[in-house]
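Enquirer: Listed here are the chains, written in short residue letters.
Number of protein chains: 2
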Amino acid sequence: RSLVPQKVQKNHRKMSALQEMSPNVRNIKQLQYVALIRRASQIKEELRQKVRKPYKEMIDVCWGDPHRAGVKPLTFVRQVLAACLYPQLVDSDTLPVDVRQRARMLLRGCAGGSVGSYTAPAGTSEIVHGISEFITRRDGGAPSYPENIYISPGSQWALQNIINVLVNSEPSSPKTGVLTPLPCYSTTISSMVGLGAVAVPYSLCEERGWELQVEELQRALESAKGVCKPVALYIVNPGNPTGYVQSRKSMQEVIRFASEKRLFLLADEVYQDCVYGDNSEFVSYKRVLAEMGPPLSDTVELASFHSASKGFMGECGLRGGYVELVNMDPAVMKYIYTLFSADSCAPVLGQFALDLLTSPPQPGDPSYPLYRQVRGSDDQFAGCLIVVNSLPGFSCQPVEGGVFAFPRMHLPPAAIHKATEMGMQPDLFYCARLLEEAGVFVIPGCEYGQKEGTYHIRFCIMVQEDIMEELLRRLTSFHTQFMKDFS
Amino acid sequence: RSLVPQKVQKNHRKMSALQEMSPNVRNIKQLQYVALIRRASQIKEELRQKVRKPYKEMIDVCWGDPHRAGVKPLTFVRQVLAACLYPQLVDSDTLPVDVRQRARMLLRGCAGGSVGSYTAPAGTSEIVHGISEFITRRDGGAPSYPENIYISPGSQWALQNIINVLVNSEPSSPKTGVLTPLPCYSTTISSMVGLGAVAVPYSLCEERGWELQVEELQRALESAKGVCKPVALYIVNPGNPTGYVQSRKSMQEVIRFASEKRLFLLADEVYQDCVYGDNSEFVSYKRVLAEMGPPLSDTVELASFHSASKGFMGECGLRGGYVELVNMDPAVMKYIYTLFSADSCAPVLGQFALDLLTSPPQPGDPSYPLYRQVRGSDDQFAGCLIVVNSLPGFSCQPVEGGVFAFPRMHLPPAAIHKATEMGMQPDLFYCARLLEEAGVFVIPGCEYGQKEGTYHIRFCIMVQEDIMEELLRRLTSFHTQFMKDFS
Numbered sequence: 018r019s020l021v022p023q024k025v026q027k028n029h030r031k032m033s034a035l036q037e038m039s040p041n042v043r044n045i046k047q048l049q050y051v052a053l054i055r056r057a058s059q060i061k062e063e064l065r066q067k068v069r070k071p072y073k074e075m076i077d078v079c080w081g082d083p084h085r086a087g088v089k090p091l092t093f094v095r096q097v098l099a100a101c102l103y104p105q106l107v108d109s110d111t112l113p114v115d116v117r118q119r120a121r122m123l124l125r126g127c128a129g130g131s132v133g134s135y136t137a138p139a140g141t142s143e144i145v146h147g148i149s150e151f152i153t154r155r156d157g158g159a160p161s162y163p164e165n166i167y168i169s170p171g172s173q174w175a176l177q178n179i180i181n182v183l184v185n186s187e188p189s190s191p192k193t194g195v196l197t198p199l200p201c202y203s204t205t206i207s208s209m210v211g212l213g214a215v216a217v218p219y220s221l222c223e224e225r226g227w228e229l230q231v232e233e234l235q236r237a238l239e240s241a242k243g244v245c246k247p248v249a250l251y252i253v254n255p256g257n258p259t260g261y262v263q264s265r266k267s268m269q270e271v272i273r274f275a276s277e278k279r280l281f282l283l284a285d286e287v288y289q290d291c292v293y294g295d296n297s298e299f300v301s302y303k304r305v306l307a308e309m310g311p312p313l314s315d316t317v318e319l320a321s322f323h324s325a326s327k328g329f330m331g332e333c334g335l336r337g338g339y340v341e342l343v344n345m346d347p348a349v350m351k352y353i354y355t356l357f358s359a360d361s362c363a364p365v366l367g368q369f370a371l372d373l374l375t376s377p378p379q380p381g382d383p384s385y386p387l388y389r390q391v392r393g394s395d396d397q398f399a400g401c402l403i404v405v406n407s408l409p410g411f412s413c414q415p416v417e418g419g420v421f422a423f424p425r426m427h428l429p430p431a432a433i434h435k436a437t438e439m440g441m442q443p444d445l446f447y448c449a450r451l452l453e454e455a456g457v458f459v460i461p462g463c464e465y466g467q468k469e470g471t472y473h474i475r476f477c478i479m480v481q482e483d484i485m486e487e488l489l490r491r492l493t494s495f496h497t498q499f500m501k502d503f504s
Numbered sequence: 018r019s020l021v022p023q024k025v026q027k028n029h030r031k032m033s034a035l036q037e038m039s040p041n042v043r044n045i046k047q048l049q050y051v052a053l054i055r056r057a058s059q060i061k062e063e064l065r066q067k068v069r070k071p072y073k074e075m076i077d078v079c080w081g082d083p084h085r086a087g088v089k090p091l092t093f094v095r096q097v098l099a100a101c102l103y104p105q106l107v108d109s110d111t112l113p114v115d116v117r118q119r120a121r122m123l124l125r126g127c128a129g130g131s132v133g134s135y136t137a138p139a140g141t142s143e144i145v146h147g148i149s150e151f152i153t154r155r156d157g158g159a160p161s162y163p164e165n166i167y168i169s170p171g172s173q174w175a176l177q178n179i180i181n182v183l184v185n186s187e188p189s190s191p192k193t194g195v196l197t198p199l200p201c202y203s204t205t206i207s208s209m210v211g212l213g214a215v216a217v218p219y220s221l222c223e224e225r226g227w228e229l230q231v232e233e234l235q236r237a238l239e240s241a242k243g244v245c246k247p248v249a250l251y252i253v254n255p256g257n258p259t260g261y262v263q264s265r266k267s268m269q270e271v272i273r274f275a276s277e278k279r280l281f282l283l284a285d286e287v288y289q290d291c292v293y294g295d296n297s298e299f300v301s302y303k304r305v306l307a308e309m310g311p312p313l314s315d316t317v318e319l320a321s322f323h324s325a326s327k328g329f330m331g332e333c334g335l336r337g338g339y340v341e342l343v344n345m346d347p348a349v350m351k352y353i354y355t356l357f358s359a360d361s362c363a364p365v366l367g368q369f370a371l372d373l374l375t376s377p378p379q380p381g382d383p384s385y386p387l388y389r390q391v392r393g394s395d396d397q398f399a400g401c402l403i404v405v406n407s408l409p410g411f412s413c414q415p416v417e418g419g420v421f422a423f424p425r426m427h428l429p430p431a432a433i434h435k436a437t438e439m440g441m442q443p444d445l446f447y448c449a450r451l452l453e454e455a456g457v458f459v460i461p462g463c464e465y466g467q468k469e470g471t472y473h474i475r476f477c478i479m480v481q482e483d484i485m486e487e488l489l490r491r492l493t494s495f496h497t498q499f500m501k502d503f504s
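The listed protein sequences correspond, in order, to chains E and C. According to this note's numbering, the stretch in the first sequence is residues 18 to 504, in order. According to this note's numbering, the stretch in the second sequence is residues 18 to 504, in order.
There could be a bad hint or two in this list.
Where chains are identical, the list cannot tell them apart; a pair therefore holds if satisfied intra-copy or between any two copies.
[Unchecked claim] Straight-line Cα separation of at most 30 angstroms, DSS-like style, residue types lysine-lysine; simulated pairs:
| no. | residue 1 | residue 2 |
| --- | --- | --- |
| 1 | Lys46 | Lys192 |
| 2 | Lys351 | Lys61 |
| 3 | Lys351 | Lys435 |
| 4 | Lys192 | Lys246 |
| 5 | Lys468 | Lys46 |
| 6 | Lys351 | Lys46 |
Hints in this document: simulated from the structure, not taken from any laboratory. Fair warning: this is a prediction, and the values are worked out from it, not measured in the lab.
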């Protein structure tokens, strides 16, 4: 009786041995900040056990996870979901009338009236129809069809299914390429690589607020020659980690480029509700494409992703996202159905969260006043950037959208030297010390890809006001000391 | 402004065109009963609109989905989850003390105390530890290590990640094979094929209660020569759709076979709580492997899957499953972590459901008496089989476990002829008529694979007692008429 964990038997060749493992999976770059994640949970445990530190609580702003960062969930959302889980609440009068009505409506769409039943692979029909109506409203009337919408356990999961359809693994064919932004959320690239695709990076222009430039797309496309055949272009708008919001004009250029080069557009639009810049507004790729008219609007293939995890709702843990597919070959849509069927369906409560996101309480509804109030204001984001930009060596582009700041750090040569000595990327070194000494958990730019010789950190700015203040206080004090230590 | 759904532009070659689509995805066999699913939802809609039919309600027993089939959720489970979603309930005295305690404990494991936060990729640490303790108890003390357990949105999803690691897509290598049972749940095979694996079927022996026979594994292995290189053996125990429960002796033979042939064991054990046969008991592969001692217990690689969707809990819609990995190469375990990270984490409420499944109320807890009572008895299953076997042309092997009956039907030649004329598999034809005429929705055996010339239907037997009675009444009356019509 041993079953020793992770014991390597010297004389037994494993099926799962590294050299026999899927080359696609082996190509995945491992997360660099795994050690950081581990240390953060150790520190949390130490704090729980009252180990003495210069801080009493950790500030965990590493993910786009508002509840983790102290934001409270929306009461309306939680009341509806609790009532759906425990229908006795629907019949009691402890909850507002509109909450109970919504819960009843949602449960009617469930087989057996239970959130414990599977739904159709694309999601509950009523909710999919509601999302389709939301998209049509959002896009100024550009038509949306329920049969093109698939709900999934998070938008990344839907993205994987679409990538899986696009990847050509025929031995005789070149590898399939996907143009991806640099910097880019690293697990997105991991999933693509894990499915056999090659990520072809195009750089966003930091100096111009992380702008997406078509000439750079062209350069990236050419760089792929002899390496892979790019078939898709992945765009994150509003940006993660960058905070850039694309203009209509820029999107038109991208659409023309995609059409000319025959690229499938993958538009990650999960931060569509988070746009702050005075001169910025979110416009969906679907809408711009529709407005450009035929032949583009009938031909350019597009997948647009949205999620209940992001924005004011921030229900990451419920796992609900969707993809809308535009202009996809109907013969291929059948396979999309089959792929989504393979995992039965998205979590029903995540599906419900999407319904609440896309059909929120309206003026006049009993839950509306509280709901409005909790959505909050964007002033603190502006304030945050002023403080960050005042730190010596820090420079942060304006955050027009999304939930992250991604400031650049001009680190002193001594710090870079020290980090290199320790075999660490300089910004990872910075983050490790920030975590240890100030109890602030942020992610280093090396995790997202960055121009050589530049260093960044990413942190979530959608946090409770008092936590933001404390975060900036700690960052300022740590950074001042850090610069002194390595000057 | 057109964006017409699924309009094919004749002169525009699509990136997603069928001929350009991933060959792996193109290899997926499309579900044969999609038309049946569509018709079933139409009929439901027609019934809602009071269209006249020979029945007032549809009996939907097509999936292993107890709530869909009228089974009520466990009160304890729903109370805890509702309290976690809406923590005001934790502080009120409307819920039993043990419910509130459990909710408090579960929320403590969430970042920011909210189910809306992401967890670690493998799941909340406390819950993963709890699952590990459950496994150790279940397996008579065979050790289980939390670091080898990954929670996912359903067990099938975890299976896909493991398959992805095992598939070798190197152009110079032969394709990767996975031995899969025949009959087998079809979407499992779809996911494997979609990831580039080849399913190599081994037949279960219907005449011997759908027994798994090692000679047949050997035959299947040989049949793969020149086609692919089998690296894994997929086993469903207790069986789906078959209801077969493997004996310890049979499992030992399979383990020796896997060791000898260097096959990674994929043990789908999601029906482990559903064993009815007087002489049957569920023993996990992990336990049998541990009991066999070294060298087998240190070398045979195993992934064992479990789920909150199945068994007495039946919370399919929450989406919570897990995999435990045994003897996997530690270097590869890092990639497993990376793959699971790519989708952030499993739904938090699905994770909680796993906690409630593996640590249910104990004698003395306020919720225990109600909880015991609702778990119910297995007598109705026995009764169901007696009725099914009494139908002319029907013969059903004993159901020792799982939640399905999978009777064989000896259809009259005239029915087979009629079906062939209509371009349908005979059992699909039978199911379509059963749905239309009797409002009973079951799945044809052709969906799972079956020996040529044999026909089956699968239906869920974990249903409310009165629904089971009505189901058998309708099936008997329909079948009698069907046999008359085609005699």
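Enquirer: List, from low to high, the hint numbers that the structure doesn't satisfy.
Expert: Violated hints: none at all, because every hint is consistent with the structure.
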